[in-house]
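Participant: One-letter residues, chain by chain:
6 protein chains.
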Amino acid sequence: MRSFQRGALDLRPVTLTPGVSRHAEGSAQVEFGHTRVLVTCSVEERVPPHLMGKGTGWVTAEYGMLPRATHTRSQREAAKGKQTGRTMEIQRLIGRSMRAAVNLSTLGPRTLTLDCDVIQADGGTRTASITGAYVAMVLALRTLHGKGTLSKMPSLTPLAAVSVGVVKGEVRVDLDYDEDSSADVDLNLVATGDGRIVEVQGTAEHQLFDRKALDAMLDGGMAAIQQLTVAQAQVLG
Amino acid sequence: MRSFQRGALDLRPVTLTPGVSRHAEGSAQVEFGHTRVLVTCSVEERVPPHLMGKGTGWVTAEYGMLPRATHTRSQREAAKGKQTGRTMEIQRLIGRSMRAAVNLSTLGPRTLTLDCDVIQADGGTRTASITGAYVAMVLALRTLHGKGTLSKMPSLTPLAAVSVGVVKGEVRVDLDYDEDSSADVDLNLVATGDGRIVEVQGTAEHQLFDRKALDAMLDGGMAAIQQLTVAQAQVLG
Amino acid sequence: MRSFQRGALDLRPVTLTPGVSRHAEGSAQVEFGHTRVLVTCSVEERVPPHLMGKGTGWVTAEYGMLPRATHTRSQREAAKGKQTGRTMEIQRLIGRSMRAAVNLSTLGPRTLTLDCDVIQADGGTRTASITGAYVAMVLALRTLHGKGTLSKMPSLTPLAAVSVGVVKGEVRVDLDYDEDSSADVDLNLVATGDGRIVEVQGTAEHQLFDRKALDAMLDGGMAAIQQLTVAQAQVLG
Amino acid sequence: MRSFQRGALDLRPVTLTPGVSRHAEGSAQVEFGHTRVLVTCSVEERVPPHLMGKGTGWVTAEYGMLPRATHTRSQREAAKGKQTGRTMEIQRLIGRSMRAAVNLSTLGPRTLTLDCDVIQADGGTRTASITGAYVAMVLALRTLHGKGTLSKMPSLTPLAAVSVGVVKGEVRVDLDYDEDSSADVDLNLVATGDGRIVEVQGTAEHQLFDRKALDAMLDGGMAAIQQLTVAQAQVLG
Amino acid sequence: MRSFQRGALDLRPVTLTPGVSRHAEGSAQVEFGHTRVLVTCSVEERVPPHLMGKGTGWVTAEYGMLPRATHTRSQREAAKGKQTGRTMEIQRLIGRSMRAAVNLSTLGPRTLTLDCDVIQADGGTRTASITGAYVAMVLALRTLHGKGTLSKMPSLTPLAAVSVGVVKGEVRVDLDYDEDSSADVDLNLVATGDGRIVEVQGTAEHQLFDRKALDAMLDGGMAAIQQLTVAQAQVLG
Amino acid sequence: MRSFQRGALDLRPVTLTPGVSRHAEGSAQVEFGHTRVLVTCSVEERVPPHLMGKGTGWVTAEYGMLPRATHTRSQREAAKGKQTGRTMEIQRLIGRSMRAAVNLSTLGPRTLTLDCDVIQADGGTRTASITGAYVAMVLALRTLHGKGTLSKMPSLTPLAAVSVGVVKGEVRVDLDYDEDSSADVDLNLVATGDGRIVEVQGTAEHQLFDRKALDAMLDGGMAAIQQLTVAQAQVLG
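Chain order of the listed sequences is A, B, C, D, E and F. Note that numbering that gives the first Met the number 0 gives residue 171 to position 172 of the first sequence, counting from 1, and the numbers run on in steps of one. Note that numbering that gives the first Met the number 0 gives residue 45 to position 46 of the second sequence, counting from 1, and the numbers run on in steps of one. Note that numbering that gives the first Met the number 0 gives residue 131 to position 132 of the third sequence, counting from 1, and the numbers run on in steps of one. Note that numbering that gives the first Met the number 0 gives residue 77 to position 78 of the fourth sequence, counting from 1, and the numbers run on in steps of one. Note that numbering that gives the first Met the number 0 gives residue 0 to position 1 of the fifth sequence, counting from 1, and the numbers run on in steps of one. Note that numbering that gives the first Met the number 0 gives residue 135 to position 136 of the sixth sequence, counting from 1, and the numbers run on in steps of one.
A portion of the hints provided could be inaccurate.
[What the hints assert, rightly or not] DSSO-like, lysine-lysine: derived pairs with alpha carbons at most 27 Å apart: (1) Lys167/A <-> Lys53/C; (2) Lys211/A <-> Lys211/C; (3) Lys53/B <-> Lys151/B; (4) Lys151/D <-> Lys53/D; (5) Lys79/C <-> Lys79/B; (6) Lys81/F <-> Lys81/C; (7) Lys53/A <-> Lys146/A; (8) Lys53/E <-> Lys167/F; (9) Lys81/C <-> Lys151/D; (10) Lys79/A <-> Lys79/F; (11) Lys146/B <-> Lys53/B; (12) Lys53/F <-> Lys151/F; (13) Lys81/A <-> Lys81/E.
FYI, nobody ran anything at the bench for these hints, they're computed from the structure.
Put together the whole structure using the sequences plus the hints.
Facilitator: As structure tokens, then:
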């Protein structure tokens, strides 16, 4: 039986809590089962050098895990003096996804930074981060709009993310840590509620997979993402 | 008027929530008003090189702030590749305080690491960290005792910490960010409930202070610490 | 017209030159058009700590670009003191792919390191690296087998990689730098000659894509990979 | 008997040698017994970014130990690639103390950097550094005044520092290395000759301490500081 | 017998291949026997801060070895996070040599960067680098002149470099790795074809040497450099 | 006229002060005019990994400059997080020179580390360092011999170092900072008192030089080194 007594294509209980930070322009806590990520969206009135004078904005992301978010303690990246390759890979994915979610040319010359910090990890931290980051970003944009900094809301493409895998020969959605560790195939999907793909990353962990398996995973993932975007919309009102 | 409509020698509302992490041997969330710190206590069955073969244990601490724990976003230390001097100073203070709270020779050859991560900052993050770390450490020791790893509980010295300052000529306890920024004198006190000092660090920020002012600050701080140790004891049952 | 006067689904001229290093146990230079990567496979008689005593081997990869492999000079990573996120992401991809190509449990307690150094870049450096790395790895294993270090050749899964994209509304295979810079969708595919997927990473650069576009890209990519594995087999005899 | 055959509240022989550097605007060598620190004060005609355009100056400090200043050789921080937490903590303390000693708004838009390098260590390096830094800073300001860069001398608050501890149940002043290593309580005091406190940092090393012990340490420290400020005044003429 | 069946004062076969990079303004591959170095010369229209506004140009060099250029794999400097002292020493030598080869004041306010990357190492990588770098630099200057960026070619001092050593009591020129490892004296000479010295660095590896031995090494080195400058001139037309 | 009213081939006043550190096994302060370097020799009872089990010892060196040893303040290398190429080059030279001065196989399995820290710089810091390091090393070996750690003194090759240059067309010995900055040729020579060379490094700074100039510089350098070794011998008794 899967955790939370769910079926192969079911999500874990999803909670999106908006406005969890007093300071950030936008924020959300996202929970996918026992995975818990705090996302803040910070606004700075400047852009990276390569965008200066182009009138367009920028969106970027950083990702981190508290040292004991995991079963055993990991070394603190700040103490070690560098971010791991895994961290870099994940924060690049989050950043690309968020840039796909907003029309940068309507942001004005400012940068939004999405900080995704994993408070507790149980699989799916990158997909939870993306799902929560969309909410935090929209809230930050509303803050800017409410203060008149943005005269109109930028155009948005609602999106969310979920992990899918083949575990014990079965396609499963939203893997927890135990499933993730034993999956034969692991796929992360970022997509819109109406089935358009932002990013797909599928990896054969212990077994190669064919097009048919890929299709089954995408079907499962798309259905889950549709539900996640509904949850986002409810929170965003 | 001070925040939370309190008097000069009153603490902000204090919340200690034990057991907030599924993975850590011990954990607590501590809130001093809007300051919120997550503390985990991790146990590893090894000691630093200089203690090998001596039969004694070790306690250490690490401290971090989420980038947007503060009013404006700070650069992520992991991305920058090093911890600031402030971070190092604080985590050294927490580590020393926790080593004073437990008899290391009764720990056995293991290391406890207290990770204090500031989720939201509004002044007093180091004193909240110490106050919460004591709770997380005791819970971790109970876990070890409960599993039989420790045959008897190590002897403990309950302690807590509070900031005190001189603001607008008045001695105030548990400064929030605005008070801290404008204080003439800033003092951090780590002590036991019965008035013994573990660490005292007082700094003239904008104005030198005399022995009388120091005494007044210590009086205020000791009374507040007495209350904090009562709160700890309630949570620890 | 595309570079090298090719059709939308054609590869650039591919050259695989085995044995280009006097020192490495296995090596190959791979060219996809003007992209040129030198791959060496080094064998060390030890495994990472987490595999010690398990009898299995390990395969890892590192990736680098000479500073002037690109149109304008990039800062040397060794001088800067750290690898970029892009570099880390690519070398993790190469490593995973190579681990999928060989049965690690038949390697014995040794590590193969694939160094992929881009001498000249014109798009597709990661896919060229993977395609060349497979050749270098097989050659290194033959060296070990020839010397009797390995009593029998490990079981292998021949694989190669190619980039696919949507450029100006058209699915194209093996993008050069100019196409890559202007692609709406960018997909990297690692697969076997008989159509099984090792890794698929598709990214919406300027435009989301649907399942139909994904299918068209996978069709184009699989056909190209089939050709690349034939080229590898010819070189490997 | 204590080193240098002194009583519990006596300083070791103190030597302050002004003008020991040909290049620095101000400099002093300070000796507390066998502890020897070289302090230079360098003037730069710029301020940190957060002070630009505010008309005020800045004072900062850096601290280092030669690798063999100590009984056994320590690793060179420059070779290791980072400063220890202890180094950072000490240089922050020296910087804060020196900023308390001069009215920054009368410095003009320039930065004074106090480099305190420990040539030989035998306890009390931070307190010797502060005591010598005050001398070096005043000499540098006189140089600026003499050259007409400063039209009038900034207003100064003469201060010095000393360590105090409880060793074998006795309050002692100016601990040497052996005493420092075995002290139950260790306190560093920075103060003016007339008894106003700049900074007080007291730590229970092996034993908690009460208010009475704190008072006794402060009494001893203040008397010693009074002597140190007299020695500074003699050197400064 | 020496490698390539050559006499004590003979060079290994030398190959200079110009124009090996599509992107760099100038480039050359240089081979001294089995030692192979790729050199690119990159032009940037800016100068280091200390030369701004002085109208003069700058030439600098960076050196690297592919991890498996050597008999056993070396750790990648980019992964390790710093360049070794040997790398720094070599790239400083190359840079100084190249600055001696061109009149900086005739370059205009631009920087030439010579990237010397060792593809395969068999002794003499620094001398091969310098010999190839001269060719790459001249080609880059011709590119600038051809495009009209430079209205006239800067004045040049043709130079090359060779290693000389005392091996088994015999003065030998252009040592390969085995000879270099066992040499009693090791000398690197950078000079012009007509016998003027740019840089000479002689080191007693296992045995001190006298002026007579130095003279014999310089004689051998000068004759070899004369040949190398002829080879450069042939390639440069 | 040269500083200290000396002739072209005269050294500046040289002072060698032995035993300046209470802690180090051997130490010396060396002054060449206004250049002042503190050298300590530390002994550790271990060898680097590549020498383990070979019965031989090792000698290494580290070099540093106090930030304000120079006319204007340089950034502290420990704060910057890395050593400059110049520092690395110099400490490698000192280490090689010291290894030439002692028979490593007679040291036993221990490491001598020579820390050369420049207290004040006025040209010639590396040659002063080598000259002083020889004294500090011999004193450390005597300490080991005196304590019986070494049953007999290792065999030594007395050596010293001096800079030579061509300044305004004249060969000059022991350049001070002003001469060094304007020299056409700069040569550092490490040699024995009887004229055998340990290391020679000659650089054309602004003008190439011929063999005749080299010979004149070597003549001048050798005569100066002969004097320096006499000074060393006097100090060593």
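Participant: Taken at face value, is the distance from the CA of lysine 151/B to the CA of lysine 53/B at most 27 Å?
Facilitator: Measuring from Cα to Cα gives roughly 19 Å; hence the hint holds.
Participant: Against the 27 Å threshold, does the CA-CA distance of lysine 151/D and lysine 53/D hold or violate the hint?
Facilitator: Status holds; Cα separation ~19 Å.
Participant: Can you confirm whether the C-alpha distance between lysine 53/E and lysine 167/F stays at or below 27 Å?
Facilitator: Given that 27 Å is the threshold and the Cα spacing comes to 24 Å, the pair holds.
Participant: Taking 27 Å as the top limit, are the C-alpha atoms of lysine 81/C and lysine 151/D close enough?
Facilitator: Since the Cα atoms of lysine 81/C and lysine 151/D sit roughly 48 Å apart, the hinted pair is violated (cutoff 27 Å).
Participant: Taking 27 Å as the top limit, are the C-alpha atoms of lysine 53/A and lysine 146/A close enough?
Facilitator: At roughly 24 Å apart (the allowed maximum being 27 Å), lysine 146/A and lysine 53/A satisfy the hint.
Participant: For a C-alpha distance cap of 27 Å, please report whether lysine 53/F and lysine 151/F respect it.
Facilitator: 19 Å, holds
Participant: Given the hint that lysine 211/A pairs with lysine 211/C, test it: the Cα-Cα distance must not exceed 27 Å.
Facilitator: 14 Å, holds
Participant: Decide if the proposed pair is consistent with the structure: lysine 79/A and lysine 79/F, CA atoms, cutoff 27 Å inclusive.
Facilitator: 17 Å, holds
Participant: CA of lysine 81/F to CA of lysine 81/C, is that 27 Å or under?
Facilitator: 13 Å, holds
Participant: With a cut-off of 27 Å on the C-alpha distance, tell me whether lysine 146/B and lysine 53/B pass.
Facilitator: Holds, at about 24 Å.
Participant: Is lysine 167/A close enough to lysine 53/C, meaning Cα to Cα at most 27 Å?
Facilitator: Holds, at about 24 Å.
Participant: Is it true that the CA of lysine 81/A sits at most 27 Å from the CA of lysine 81/E?
Facilitator: 13 Å, holds
In this structure, only the earlier hint numbered 9 is contradicted, and the remaining ones agree with it.
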